[in-house]
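With these hints in hand, go ahead and build the complete structure from the sequences.
Line by line, the protein sequences give chains Z and P. Be aware that the first sequence starts at 81, since it is given in the numbering used here, and climbs by one per residue. Be aware that the second sequence starts at 14, since it is given in the numbering used here, and climbs by one per residue.
Possibly wrong hints are sitting among the right ones.
Stated by the list, open to error - Rough simulated footprint, nothing fancy, chain P against chain Z, three-plus residues with beta-carbon under 8 Å:
| # | region |
| --- | --- |
| 1 | 119-126 |
| 2 | 293-304 |
What the hints assert, rightly or not - EDC-like mimics (lysine to aspartate or glutamate), calculated; alpha carbons at most 16 Å apart, straight line:
| # | chain 1 | residue 1 | chain 2 | residue 2 |
| --- | --- | --- | --- | --- |
| 3 | Z | Lys152 | P | Glu40 |
| 4 | Z | Lys93 | Z | Asp151 |
| 5 | P | Lys97 | Z | Asp192 |
Claimed, not checked - Computed beta-carbon distance windows for the label pairs:
| # | chain 1 | residue 1 | chain 2 | residue 2 | range |
| --- | --- | --- | --- | --- | --- |
| 6 | Z | Met94 | P | Thr105 | 45 to 53 Å |
| 7 | Z | Met287 | P | Ile427 | 15 to 23 Å |
| 8 | Z | Gly457 | P | Lys97 | 45 to 53 Å |
| 9 | P | Gln213 | Z | Gly136 | 46 to 54 Å |
| 10 | Z | Asn331 | P | Glu122 | 49 to 57 Å |
| 11 | Z | Val460 | P | Lys412 | 48 to 56 Å |
| 12 | P | Glu122 | Z | Met287 | 54 to 62 Å |
| 13 | P | Lys97 | Z | Glu155 | 32 to 40 Å |
| 14 | Z | Ser480 | P | Thr276 | 57 to 65 Å |
| 15 | P | Asp186 | Z | Ser371 | 27 to 35 Å |
| 16 | P | Thr105 | Z | Leu282 | 40 to 48 Å |
| 17 | Z | Lys375 | P | Pro281 | 56 to 64 Å |
Derived by calculation from the structure, the hints in this document are not laboratory data. Ideal Cβ positions, reconstructed from N, Cα and C, are used throughout, including at glycine.
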Amino acid sequence: MVNIELIRKKISKMELDSYVLRVIKTETEQIRFSNNSVDLRNFWENEGISIFMHRGKKITELSLDNDLEIDKKIENSYRAMLKGEDSTSFNGINTEKYSSMEKIRPREESVDLDQIVSACIDGGSRGGSERTTGLAYRTYSDDLIITPFNEHHVTYDDFNFDVRAFKGNNTGQEGVHFSSTVKDPIERAEMAGEEAGKTASLDVRMMDFEQGDYETLLSPYVIGNIFSYCSSLFSAFSVQSGMSYLDSSLNEKVASPALTLVDEPMNESGSNFTMFDDEGTPCFNKKLVDSGVLKNFVHSFSTAVTARTKTTGNAGIIAPEPLQLSAEGGNRSVEDIIQSIDSGMYIKNAWYTRFQDNRNAVFSTVPRDGIFVVERGEIVGRITGIRISDSFSRIIKNISETSRERKNVKFWEEVFPSIMPSALVQDLHVTRAF
Amino acid sequence: MIEIMDKVMEKLSKKAKYSEVRYMSSESVQASMRNSEFMGEGSSSGEGIAIRALNNSISMGFISSFDMEKLDVIIDRVLKNSMKTGRNKLDTSGGIRDKWEATGKHRVEDLQSSDRIEIMKGADELMKSHELSVRVNYIHHKNIREIFENSSGSLIESAYSRIGYFMVGGYKDANSFEQIYRQFGTTGGMESFDELEVEQKIRDTVGNLKVISSSPAAKPGKYDVVISPEIAGIVAHESCGHPTEWDRITGREGSLAGESFLTGKKYPFKVGSEVVNVIDDPTVKGSYGYYRYDNEGVKARKRYLYKGGMTNEFIHSRESAANLGVEPNGGGRASDWDMEPLARMSTTYIEPGDFSFEELIEDVKNGVYIRTYTEWNIDDIRFNEKYVGSEAYLIENGKITGRLRKPTIETNTINFYSSIDAVSNELEFSAGTCGKGDPEQGVDTWMGGPSVRLRNIYIS
Numbered sequence: 081m082v083n084i085e086l087i088r089k090k091i092s093k094m095e096l097d098s099y100v101l102r103v104i105k106t107e108t109e110q111i112r113f114s115n116n117s118v119d120l121r122n123f124w125e126n127e128g129i130s131i132f133m134h135r136g137k138k139i140t141e142l143s144l145d146n147d148l149e150i151d152k153k154i155e156n157s158y159r160a161m162l163k164g165e166d167s168t169s170f171n172g173i174n175t176e177k178y179s180s181m182e183k184i185r186p187r188e189e190s191v192d193l194d195q196i197v198s199a200c201i202d203g204g205s206r207g208g209s210e211r212t213t214g215l216a217y218r219t220y221s222d223d224l225i226i227t228p229f230n231e232h233h234v235t236y237d238d239f240n241f242d243v244r245a246f247k248g249n250n251t252g253q254e255g256v257h258f259s260s261t262v263k264d265p266i267e268r269a270e271m272a273g274e275e276a277g278k279t280a281s282l283d284v285r286m287m288d289f290e291q292g293d294y295e296t297l298l299s300p301y302v303i304g305n306i307f308s309y310c311s312s313l314f315s316a317f318s319v320q321s322g323m324s325y326l327d328s329s330l331n332e333k334v335a336s337p338a339l340t341l342v343d344e345p346m347n348e349s350g351s352n353f354t355m356f357d358d359e360g361t362p363c364f365n366k367k368l369v370d371s372g373v374l375k376n377f378v379h380s381f382s383t384a385v386t387a388r389t390k391t392t393g394n395a396g397i398i399a400p401e402p403l404q405l406s407a408e409g410g411n412r413s414v415e416d417i418i419q420s421i422d423s424g425m426y427i428k429n430a431w432y433t434r435f436q437d438n439r440n441a442v443f444s445t446v447p448r449d450g451i452f453v454v455e456r457g458e459i460v461g462r463i464t465g466i467r468i469s470d471s472f473s474r475i476i477k478n479i480s481e482t483s484r485e486r487k488n489v490k491f492w493e494e495v496f497p498s499i500m501p502s503a504l505v506q507d508l509h510v511t512r513a514f
Numbered sequence: 014m015i016e017i018m019d020k021v022m023e024k025l026s027k028k029a030k031y032s033e034v035r036y037m038s039s040e041s042v043q044a045s046m047r048n049s050e051f052m053g054e055g056s057s058s059g060e061g062i063a064i065r066a067l068n069n070s071i072s073m074g075f076i077s078s079f080d081m082e083k084l085d086v087i088i089d090r091v092l093k094n095s096m097k098t099g100r101n102k103l104d105t106s107g108g109i110r111d112k113w114e115a116t117g118k119h120r121v122e123d124l125q126s127s128d129r130i131e132i133m134k135g136a137d138e139l140m141k142s143h144e145l146s147v148r149v150n151y152i153h154h155k156n157i158r159e160i161f162e163n164s165s166g167s168l169i170e171s172a173y174s175r176i177g178y179f180m181v182g183g184y185k186d187a188n189s190f191e192q193i194y195r196q197f198g199t200t201g202g203m204e205s206f207d208e209l210e211v212e213q214k215i216r217d218t219v220g221n222l223k224v225i226s227s228s229p230a231a232k233p234g235k236y237d238v239v240i241s242p243e244i245a246g247i248v249a250h251e252s253c254g255h256p257t258e259w260d261r262i263t264g265r266e267g268s269l270a271g272e273s274f275l276t277g278k279k280y281p282f283k284v285g286s287e288v289v290n291v292i293d294d295p296t297v298k299g300s301y302g303y304y305r306y307d308n309e310g311v312k313a314r315k316r317y318l319y320k321g322g323m324t325n326e327f328i329h330s331r332e333s334a335a336n337l338g339v340e341p342n343g344g345g346r347a348s349d350w351d352m353e354p355l356a357r358m359s360t361t362y363i364e365p366g367d368f369s370f371e372e373l374i375e376d377v378k379n380g381v382y383i384r385t386y387t388e389w390n391i392d393d394i395r396f397n398e399k400y401v402g403s404e405a406y407l408i409e410n411g412k413i414t415g416r417l418r419k420p421t422i423e424t425n426t427i428n429f430y431s432s433i434d435a436v437s438n439e440l441e442f443s444a445g446t447c448g449k450g451d452p453e454q455g456v457d458t459w460m461g462g463p464s465v466r467l468r469n470i471y472i473s
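Following this line, the structure appears as C-alpha cells:
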C-alpha cells in the first residue's frame with residue numbers, strides 16, 4: 081500500500097509553490113463475451129499515483145503505477161522541472177480552501193458479473209437476437225486528492241456494459257453506465273439485451289436511399305456520440321487555443337431553444353459522477369447551453385485566470401473538460417416523435433466520428449445498429465451504408481425537440497458516460513458511398 | 014523480476030493447463046507547445062505484471078505490485094475464474110529463449126528538456142512563418158522493457174524505445190479554417206527519429222493550407238484518381254489490416270469496433286484487382302510498430318494479407334490462431350502491462366509495383382491527385398469508407414494543372430481495390446496510433462505504400 085504521508089512529507093519539503101498529490105486505487109473486473117459465450121474474464125488491481133508540481137511558471141506531472149523508488153522519481157521529476165522552460169500560460173492551481181469531502185460508499189457485494197452477462201445474453205435472445213456480443217465491467221475505486229489547500233477522499237462503485245445483438249446482417253446495440261446507487265443492475269442488463277435484440281430483429285424491408293437532408297431522430301447514443309466528440313468546444317483550453325468556433329459566442333444564441341446541455345458531474349446515477357476535479361475544486365453542475373444560449377465554458381483555475389473568470393471545477397489543470405454531459409428531455413415520447421415524422425429517418429447508433437475542421441466541428445460519423453426509414457409516422461424499412469456528414473453548429477441549431485425519455489449512455493470510447501434523450505434534427509445531411 | 018515471475022509461474026502451472034506471466038515497464042516523457050507557448054512536461058513510470066491461465070476458460074489478471082501476498086490473491090482469482098465456463102482455445106506453443114533490443118545509439122533517456130523544446134520550436138516557427146494561427150506540437154518518448162514467460166518453456170526479454178511526434182496546424186481567414194494533422198513515430202534511438210526528417214515533412218505540408226483555403230472544389234463526378242503513399246497507408250490499415258484481424262472476423266470485437274466484411278466468406282476471397290498486394294510486417298526496422306516477438310512470445314514475421322487481389326493470411330493472436338486451428342503469426346499485441354493481447358497490426362502497407370509516379374499521372378486524362386488527407390472514417394465491417402483530401406490537385410491530359418479543395422472519396426473496400434490498375438515503385442510510411450479492445454488500447458503503427466492509381470472513382 082502506498083505510504084501517502086511519506087510522499088506528502090517529501091513533497092511538502094520541496095521548494096514548490098503548490099502541488100497536487102492524487103492516489104487512485106482501483107479494483108476492476110470485466111467479462112468479455114461474443115456469440116453467446118464468454119471469451120475472457122479479466123481482473124485488475126492497481127494503485128496509480130500522480131503528482132503535479134509547480135514553482136512559478138515551471139510545471140511538471142509525474143504518473144506512477146506503484147511507489148517503488150518513488151523518492152528518486154520525484155526528485156528526478158523536480159530537477160527536470162527546474163531545468164525546463166516556463167509554461168507561460170500557466171497561472172497556478174486553485175488556492176481556495178473548501179470543506180474536506182469524505183464520501184465512502186459501501187461496496188455493493190451482491191452483484192455477480194457473470195449474472196449480468198447471462199442477463200445480457202438472455203435479454204438479447206428474448207428480443208430476437210440470434211447471437212449476442214459484449215462486455216461487462218465492475219469498477220470500485222478509491223480516490224484521494226491532497227493539495228496544500230484541500231484534501232478529499234471519495235470512493236466510487238460503478239457498472240457499465242455494452243451489448244450488441246445480431247440477427248442476420250442486422251444489429252442492435254445498447255451501452256449502459258450506472259453507479260451502485262442503482263439497485264437493479266441485472267434487470268437493466270436484461271432490458272439492454274432485449275432492446276438490442278428488438279432493434280436487430282425488427283422485421284422491415286431493406287430500402288434504397290438517396291443522399292440529402294432528412295428529418296432524423298437521433299437516439300441517445302448518436303446524440304451522445306456527437307456531444308462527446310464535440311465536448312472540447314466547451315473547454316476554455318480549446319477556446320484559448322483557437323480551436324473552438326464558440327469562442328466569442330458567450331451569452332449568444334448558438335443552438336435551437338430545444339437544446340439545454342448541462343455538465344452534470346453531480347448526477348450520482350452515472351458512472352462519471354465526480355465530486356472534485358484534478359486540482360481539488362469541488363465539482364458542481366452547470367448549464368453549458370440554456371435553451372439555445374451559450375452560458376458557460378468549462379474552466380480549471382489556470383484557464384479561468386486567463387479568461388478573468390472563476391474555475392468551474394473541471395480541471396484537467398491544463399486542459400479542462402466537461403465531466404458528465406446531460407441534455408434535458410422534452411415533452412413527447414420517442415414513439416410520439418416517430419409518429420410525427422412524415423418522411424425521415426431514425427438512427428440508433430453511430431461511431432468513428434472524424435473531423436475535417438475541428439474548430440468549426442465539421443465532421444462525419446458512421447451510423448450503425450439500426451438505421452430506419454420513417455414514412456407517415458411509421459418505421460417502414462432499413463438502410464445501410466450511410467454517413468452523417470454535417471457540422472455541430474448546424475445540428476444543434478436544427479434540433480427541433482428532444483424526447484421525454486433519457487438514458488445513461490456509454491458506448492466504448494465513442495460515447496462518454498452521459499445522460500441523453502433522443503433528439504429530432506431537421507435537415508440532417510446524410511451521404512452514402514458510391 | 015524474473016525470480017518473482019518464476020514464483021508466479023510455479024504457482025500457476027500447478028493448477029492451470031497453460032499459463033503465462035508478462036512483465037512490462039515503461040518510462041516515458043511527454044512535452045507540448047501551443048501557439049509558441051511551452052505548455053509543460055510530464056513523465057510517467059509504469060510497470061506491472063499480467064498473468065493468464067487456461068483451464069475451462071481463459072482468465073487474466075493484472076497487478077502493479079510485486080508483493081507476493083498481493084500476487085497470490087491475483088493468482089487465486091485468475092485460477093478460480095479460469096475454472097468457470099467459457100471459450101478455452103489458446104495456442105500453447107513455447108520453448109523460445111531469446112533476447113532482443115532496439116534502443117539505438119543515441120538513447121532517448123539522454124534527451125534533455127531543451128532538446129525536446131528545440132524540436133518543437135523549430136516546427137512552431139515553420140508553422141508561424143506560414144501564418145498558421147493554430148500551432149500545437151507534442152513530443153513523447155518511452156523506454157520499454159518486457160519479459161515474457163510461459164508454461165511451455167519460453168523466456169523472452171526485450172528492451173526498446175519509441176519516439177512519437179504529433180502536430181496540429183490551422184490556417185484561419187475570414188471565411189474558412191484549414192487544418193492539418195501529422196503524426197511521426199519510430200522505434201529505436203534518436204538517430205532513427207532524425208531519419209524521419211520531421212521538420213522537412215512539416216515544412217512540406219504547412220505551406221499548403223493557405224493555398225487550399227482558396228482552391229476550388231472538384232466538380233462531382235467520376236475521375237481517375239492517384240493517391241499518395243499517405244492515403245495508400247490509411248487505406249491499407251483501415252480496409253485490409255482491420256478486416257483481416259481474425260478476432261474481428263469471428264466476432265470477438267463485435268460490440269466495439271465491430272466485425273469484418275470477410276466474416277462468413279470462403280477464403281481466399283477476391284477483394285480487388287490482381288495488382289493489389291497488402292502486407293503487414295512487424296520486422297520493418299525503425300518502424301513505429303517494430304518488434305521481434307509479439308507480447309505473447311510469438312516470433313514476428315511478414316504477412317501478406319491480400320495477395321494478387323485475394324485474401325491470403327489473417328492477423329492472429331494466440332487465441333484467434335487456436336480458434337482457426339493455425340499457428341499464431343506474431344500479431345498478438347498488448348499496449349501496456351495491464352492490457353490483454355489482441356490480434357493487431359504493426360506496419361501495414363500496399364506493396365510497391367513497377368511504375369514511376371510520373372507514369373501514373375501521364376496516363377490520366379481527367380483525374381484527381383490526392384497527396385494528403387484530413388477527415389476519414391469507415392464502417393464497423395470495414396467496407397464503407399470515406400477519405401477527404403487536403404492537399405489535392407486536378408489532372409488534365411496527363412499533367413497536374415491546378416489545386417482542388419477537399420475532394421472526397423466515399424466508396425467501399427471491394428470497389429476501391431478493384432479500381433486499382435497501377436502502383437508506383439515508391440514506398441513511404443507514416444505513423445499512427447491504432448485503437449482496439451476495451452479498455453481501448455492504442456498501439457503504435459506505421460502505414461504506407463506507393464502512389465496508387467484508381468480508375469473511375471466517384472469524387473464529390
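Quick rundown of the hints versus the structure:
1. 119-126: holds (count 8)
2. 293-304: violated (count 0)
3. Lys152/Z - Glu40/P: This hinted pair holds, its Cα atoms lying about 14 Å apart.
4. Lys93/Z - Asp151/Z: Between Lys93/Z and Asp151/Z the Cα gap is close to 12 Å, so the pair holds against 16 Å.
5. Lys97/P - Asp192/Z: Between Lys97/P and Asp192/Z the Cα gap is close to 13 Å, so the pair holds against 16 Å.
6. Met94/Z - Thr105/P: 45 to 53 Å: Since Met94/Z and Thr105/P have Cβ atoms about 50 Å apart, the given range 45 to 53 Å holds.
7. Met287/Z - Ile427/P: 15 to 23 Å: Given range 15 to 23 Å: holds, Cβ gap about 22 Å.
8. Gly457/Z - Lys97/P: 45 to 53 Å: holds (48 Å)
9. Gln213/P - Gly136/Z: 46 to 54 Å: violated (36 Å)
10. Asn331/Z - Glu122/P: 49 to 57 Å: For Glu122/P against Asn331/Z, whose Cβ atoms are near 50 Å apart, the range 49 to 57 Å holds.
11. Val460/Z - Lys412/P: 48 to 56 Å: Since Val460/Z and Lys412/P have Cβ atoms about 50 Å apart, the given range 48 to 56 Å holds.
12. Glu122/P - Met287/Z: 54 to 62 Å: holds (60 Å)
13. Lys97/P - Glu155/Z: 32 to 40 Å: violated (46 Å)
14. Ser480/Z - Thr276/P: 57 to 65 Å: With Cβ atoms ~38 Å apart, the hint is violated.
15. Asp186/P - Ser371/Z: 27 to 35 Å: Holds: the Cβ-Cβ distance is about 33 Å, inside 27 to 35 Å.
16. Thr105/P - Leu282/Z: 40 to 48 Å: At roughly 43 Å between Cβ atoms, Leu282/Z and Thr105/P fall inside 40 to 48 Å, so the hint holds.
17. Lys375/Z - Pro281/P: 56 to 64 Å: For Pro281/P against Lys375/Z, whose Cβ atoms are near 58 Å apart, the range 56 to 64 Å holds.
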